[in-house]
Amino acid sequence: MTINPEVNDINASYEYGWSNPEKYAVKAPKGLRRDVVEMISKAKDEPQWMLDFRLKALDIFNSKPMPEWGADLSGLNLDEIYYYIKPEGFNTRSWDDVPEDVKNTFERLGIPEAERAALAGVGAQYESEMVYHNLKEEWEKLGVVFLSIEDGLKEYPELFREHFATIVPPEDNKFAAINSAVWSGGSFVYVPKGVKVDIPLQTYFRINAESSGQFERTLIIIDEGAQAHYIEGCTAPSYSSDSFHSGVIEIVVKEGARFRYSTIQNWSHNVYNLVTQRAAVYGNGVMEWVDGNLGSKVTMKYPACYLLEDGARGEVLSIAMAGRGQHQDAGAKIVHFAPHTSGSIVSKSISKDSGRSSYRGLVKIYEGAKYAKTNVECDALLLDEEARTDTYPYIEVEEKTARVGHEATVSKINDDQIMYLQSRGLSKDQAAGLIVRGFIEPIAKELPLEYAVELNRLIELEMEGSVG
Amino acid sequence: MTQTEQPHQIEIRNLHASVGDLPILKGVDLIIPRGELHAVMGPNGNGKSTLAKVMVGDPEYTVTDGDILVDGVSILEMEPDERARMGLFLAFQYPVEIPGVTIANFLRLAMQARKEEGEEVSFTEFYGKLQSALKTLDWDESIVERYLNAGFSGGEKKRNEILQMLMLEPTYIIMDETDSGLDVDALKVVANGVNSMRGENLGGLIITHYQRLLDYIVPDRVHIIVDGKVVQSGGPELAKKLDSQGYDWVKELATA
Ligand SMILES: Nc1ncnc2c1ncn2[C@@H]1O[C@H](COP(=O)(O)OP(=O)(O)O)[C@@H](O)[C@H]1O
Ligand SMILES: [Mg+2]
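Heads up: the sequence lines are chains H and L, in that order.
The numbering used here puts the first residue of the first sequence at 1, with every later residue one more than the last.
The numbering used here puts the first residue of the second sequence at 1001, with every later residue one more than the last.
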């Protein structure tokens, strides 16, 4: 594999920072322009309604100012980004047909070993397109659909149109509008009534080109009484100029269904990661977001649960780790529209070396959502004097019978704890790593074992040499 | 001298240590041969815990003079983890809580830390030792799935220190008021744990206030520390004397 000499050392410990030479079938010119949007739609051979949708989203994007709250986005120059890059090769079900460089890339990232091990299906996106998507036959037989979003639109046009952009409309925020205009790649998942997919589906996202953007769009529909778990992982090379990732994830959890969406975000430290993830949850359905934000330069991400019917439940477990030059502005949103809905937010952040992590969360309970309740717990761990953390809890309750609990703690890694572990033979780094692992344990234990191990490994890597 | 001729002992020579500008240890001299357990007694606030923490390398304390030799080698420049790997072990007076880290996981890492590069702690080794340690301490196996000291009672914390000691098999132990806060049954369990390790390959200090623990772990020598110095040493009878006569008379020794 060729190692691009341009990779820089903004994060020496980042292990996925290599890149391939750029060889593409289509590379749209820089900037978010009408002709680029048309080009994308044409390249995908889309129906007219989708082109119209994209163009309308472009207008919305142009009419909205950049958000003034949250992380500092002044370094993000939207005119300097490539919005569409189609790799050579095409979306295939056969690993052998994936182009050599791309295949090597994913193999180096541990795919498709992971597939062989314990997954129901695997997808891989390289630049703007899915290059691989495969679902194991046993699940296909039960009617489970796991496709690239483009194939979803082609093969299930009605189901697609019924839900697409209903949960996150382009008007929602400026980045949802960008995504709606130039979306490309992502997954389309449908799990039929009562089908329980008991091992995870995973999609892997890789940005390779410099100054490029990735705008995947994922639509997941879990039908009544069904269950599934979807995992996404993301990496990119460490370039000196910034890349941009802005996904939109829409999820429908129907009555009595249960769904978990886990992210292990490990973008290189030059990526702006601005993602809108939202789930609509119906009667007695359960939605769980497990959100691990380790990489990126700036992340703004608040996985949301809209609890629409009686008994719906939403949970967000979020871990953020911010090192030098990173700002993780992460949190959650739980909105109660119906009675007896319940939510839980557990957020844990770790900041070190002038890194900054913020918890930003909204709990909203509308009038009439009788006996709705949500509990928020956010804990921040600071590893040194320079590190910074902030909490922005927004709580809006219109219903008298509702209850919202909120607890926040900030702690510093404690010298006595380090000394205690060191006195048992662990090195100072090992001791600090173990304390951090313990701190995130309540979340790590919710992940399948391999992912918990991976999460711990990534944190250990970030921790190297971090205590003096 | 060659390696094999080094004395098997801890030697503390004229040890002075401070916290910030405040001197706490003011010239401690002690020799503890491997194979012997010595009791360290003395009134509160006179430097017993400080001595223990300085021995294991707590960076909060600065050694301003003197030396500590373990088997003839000065350990003052060593990190706490190096000292631990040499075989030093402190059962803390106030063990800290590490939430989210199970005892099992922690014990395995600590055992692993003592291995040579490339050598793994095998499951059989780990589990075998664990079983026998739990049995000695009359403790249920489920304890090792709990988070390290998190929410433990005082007694459980102390017992957990002894569990670690049994698992890590140190050559030199320092027990800092392990008996305080224990009822008689727990005290017997702890003493039983220590006695099970006792022999020519174990040396160390037992810091305590009371004769109580020393009824079960009979010390080879007893030293009294007042105002950062050893003011008197003797046999086990010295501990009994303290028990019956109190500490007033020793305080006078320091000013004499
Ligand atoms: N970390 C510390 N910071 C400030 N003072 C300390 C510290 N450790 C010990 N001291 C002081 O040193 C003296 C001896 O304490 P310590 O060694 O704990 O005594 P003992 O164990 O004999 O009761 C006390 O006056 C105590 O307040
Ligand atoms: Mg003490």
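Since the hints were derived computationally from the structure, they do not count as laboratory data.
Every residue gets a Cβ at the ideal spot worked out from N, C-alpha and C, and that includes glycine.
Keep in mind that a hint or two might mislead.
Listed next, the in silico BS3-like pairs over lysine-lysine satisfying Cα-Cα at most 25 Å (straight line) [as the list claims (entries may be wrong)]: (1) Lys1251(L) to Lys1240(L); (2) Lys141(H) to Lys154(H); (3) Lys44(H) to Lys23(H); (4) Lys428(H) to Lys1157(L); (5) Lys1115(L) to Lys428(H); (6) Lys1241(L) to Lys1229(L); (7) Lys1241(L) to Lys1251(L); (8) Lys412(H) to Lys1157(L); (9) Lys27(H) to Lys154(H).
Partial pick of chain H residues on the chain L-facing surface, computed with a CB cut under 8 Å [to be verified]: (10) Phe90; (11) Thr92; (12) Arg93; (13) Ser94; (14) Trp95; (15) Asp416; (16) Met419; (17) Gly425; (18) Leu434; (19) Arg437; (20) Glu441; (21) Pro442.
Taking beta-carbon pairs under 7 Å as the criterion, some of the chain L residues facing chain H (in silico) [said to hold, decoys possible]: (22) Val1056; (23) Asp1058; (24) Asp1081; (25) Ala1084; (26) Leu1090; (27) Gly1100.
Going down the list of hints, with the structure as the test:
no., hint, in the structure
1, Lys1251(L) to Lys1240(L), "holds (17 Å)"
2, Lys141(H) to Lys154(H), "holds (20 Å)"
3, Lys44(H) to Lys23(H), "holds (19 Å)"
4, Lys428(H) to Lys1157(L), "holds (23 Å)"
5, Lys1115(L) to Lys428(H), "holds (17 Å)"
6, Lys1241(L) to Lys1229(L), "holds (19 Å)"
7, Lys1241(L) to Lys1251(L), "holds (14 Å)"
8, Lys412(H) to Lys1157(L), "holds (23 Å)"
9, Lys27(H) to Lys154(H), "holds (23 Å)"
10, Phe90, "violated (45 Å)"
11, Thr92, "violated (41 Å)"
12, Arg93, "violated (40 Å)"
13, Ser94, "violated (39 Å)"
14, Trp95, "violated (34 Å)"
15, Asp416, "holds (5 Å)"
16, Met419, "holds (5 Å)"
17, Gly425, "holds (4 Å)"
18, Leu434, "holds (6 Å)"
19, Arg437, "holds (7 Å)"
20, Glu441, "holds (3 Å)"
21, Pro442, "holds (7 Å)"
22, Val1056, "holds (5 Å)"
23, Asp1058, "holds (5 Å)"
24, Asp1081, "holds (5 Å)"
25, Ala1084, "holds (4 Å)"
26, Leu1090, "holds (6 Å)"
27, Gly1100, "holds (3 Å)"
In the structure shown, a violation is registered for the earlier hints numbered 10, 11, 12, 13, 14, in ascending order.
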